[in-house]
Amino acid sequence: MTPINIFLDSDVVISSVLSKNGSAHFILASSMFECFVSNYSTKELRKVAERTDLDFKSIKAILDKNTKTSVLRGSLKSFKKEYGQFVRDEDDAHIVAGAHKSKSKFLLTYNAKHYDIDKIKAELGITVIKPGNFLQYQRSLKKFS
Amino acid sequence: MIQARTYTPEQVAEILQLSKNTVYQLINRGEIIAKKIGKVYRIPQSSISFVFTGLDEDIYRMEQEDLKNIKKYRKALEQTRKEMK
Numbered sequence: 009m010t011p012i013n014i015f016l017d018s019d020v021v022i023s024s025v026l027s028k029n030g031s032a033h034f035i036l037a038s039s040m041f042e043c044f045v046s047n048y049s050t051k052e053l054r055k056v057a058e059r060t061d062l063d064f065k066s067i068k069a070i071l072d073k074n075t076k077t078s079v080l081r082g083s084l085k086s087f088k089k090e091y092g093q094f095v096r097d098e099d100d101a102h103i104v105a106g107a108h109k110s111k112s113k114f115l116l117t118y119n120a121k122h123y124d125i126d127k128i129k130a131e132l133g134i135t136v137i138k139p140g141n142f143l144q145y146q147r148s149l150k151k152f153s
Numbered sequence: 047m048i049q050a051r052t053y054t055p056e057q058v059a060e061i062l063q064l065s066k067n068t069v070y071q072l073i074n075r076g077e078i079i080a081k082k083i084g085k086v087y088r089i090p091q092s093s094i095s096f097v098f099t100g101l102d103e104d105i106y107r108m109e110q111e112d113l114k115n116i117k118k119y120r121k122a123l124e125q126t127r128k129e130m131k
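Chains A and B are the protein sequences, given in the same order. Its first residue numbered 9, the first sequence is counted upward by one per residue in the numbering used here. Its first residue numbered 47, the second sequence is counted upward by one per residue in the numbering used here.
It should be emphasised that the hints constitute simulated quantities derived from the structure, not laboratory data. In this text the structure is predicted, and so the values were computed from the model without any measurement. Fair warning: there could be bad hints in the mix.
Claimed, not checked - List of simulated lysine to aspartate or glutamate pairs, DMTMM-like, C-alpha gap at most 20 angstroms:
(1) Lys89/A / Asp104/B
(2) Lys51/A / Asp104/B
(3) Lys128/B / Asp124/A
(4) Lys109/A / Asp126/A
(5) Lys128/B / Glu58/A
(6) Lys109/A / Glu98/A
(7) Lys131/B / Asp72/A
(8) Lys28/A / Asp104/B
(9) Lys121/B / Glu58/A
(10) Lys85/A / Asp104/B
(11) Lys88/A / Asp126/A
(12) Lys111/A / Asp124/A
(13) Lys55/A / Asp72/A
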C-alpha cells in the first residue's frame, strides 16, 4: 500500500515530541503515512527550541527518523508572495508552500484557523485538517482500526 | 462520586437515528461497546463519543493530549515565524 503524503505544520512536530500518547506522535510513528516538513520548518523548530525548554536534539531525532524534508528553494518573501493568499497571516505561507512542493494531500496543523482551508483545497487540492480529524478520516476509510 | 453517563439502547438509537434493532446488532458485533447488566444493556458515553466530539474516544483522548501540551509553545512558534527572514 502506498503511504499517503502529509505535510506537518511545526506545531504537530512539537506535539509529537511532547507526548508519545498524542495523535501527532501516532501519525509520525506510523508507516502508513509519509510525513514531510520543509527546510524552513527545521529552521523554525530550532529557533523555537532556543527560546523555550524544548530540546532540539529530540526534535531533530524525530524529524530524521520519521519525516522527509521538502527542500524549499527561494526566500520566505517569495513564498509570502506566492502563497500568502492561502493564509490569514503571511508568516505561515511557507507551510503551504512546503505542503504544495511535497505534493502532499493533507496539511496537518493544530491551527487550522490560520489557513484559508477552502481556497487551499480548491486551488491546491490539499486538505488542511487537525491530526485527530485526519486519524478519524483514515479510520473511516479503514486504513487503521 | 462517579458521574459517568450511560445510555439505554433505545436512547442511543434515537441519538444516532438508527432503529433499536440496528443498535442491538451493533452491540452484538462489538461496534458499540455496551455492558450487559442482568437482562438489559447500558452503553457508556465513551462508546458514542463521536456524537459529541466528532472523534472516537481513543482519538479524542490523543487529540486532547496534544492540545494540552501545545498551548505553551504556540506563542513561541508565532513569534519565531514573525522574526524569520
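Hints, one by one, checked against the model:
1. Under the criterion of a C-alpha separation no larger than 20 angstroms, the hint pairing lysine 89/A with aspartate 104/B is inconsistent with the structure, at around 40 angstroms.
2. Annotation: proposed proximity of lysine 51/A to aspartate 104/B is violated, straight-line Cα distance about 33 angstroms (limit 20 angstroms).
3. The hinted pair formed by lysine 128/B and aspartate 124/A meets the criterion: a straight-line CA distance of about 19 angstroms does not exceed 20 angstroms.
4. Restraint check for lysine 109/A and aspartate 126/A: the C-alpha separation of about 19 angstroms stays at or below 20 angstroms, so the hint holds.
5. A threshold of 20 angstroms between alpha carbons decides the hint, and for lysine 128/B with glutamate 58/A the separation of about 15 angstroms falls inside it, so the pair holds.
6. Of the supplied pair hints, the one linking lysine 109/A and glutamate 98/A holds, its CA atoms being roughly 17 angstroms apart against a limit of 20 angstroms.
7. At roughly 24 angstroms between alpha-carbon atoms, lysine 131/B and aspartate 72/A are farther apart than 20 angstroms, so this suggested pair is violated.
8. Note on lysine 28/A and aspartate 104/B: the hinted pairing holds, with a Cα-Cα distance of about 14 angstroms set against a maximum of 20 angstroms.
9. Proximity of lysine 121/B to glutamate 58/A is assessed by CA-CA distance (about 14 angstroms); at most 20 angstroms being required, the pair is judged to hold.
10. Of the supplied pair hints, the one linking lysine 85/A and aspartate 104/B is violated, its CA atoms being roughly 41 angstroms apart against a limit of 20 angstroms.
11. With a C-alpha separation of about 18 angstroms, the suggested pair lysine 88/A and aspartate 126/A falls inside the 20 angstroms cut-off, and the hint holds.
12. Of the supplied pair hints, the one linking lysine 111/A and aspartate 124/A holds, its CA atoms being roughly 18 angstroms apart against a limit of 20 angstroms.
13. For the hint linking lysine 55/A to aspartate 72/A, the alpha-carbon distance of about 17 angstroms falls within 20 angstroms, and the restraint holds.
Consistency with the previously given hints fails for numbers 1, 2, 7 and 10, ordered from lowest to highest.
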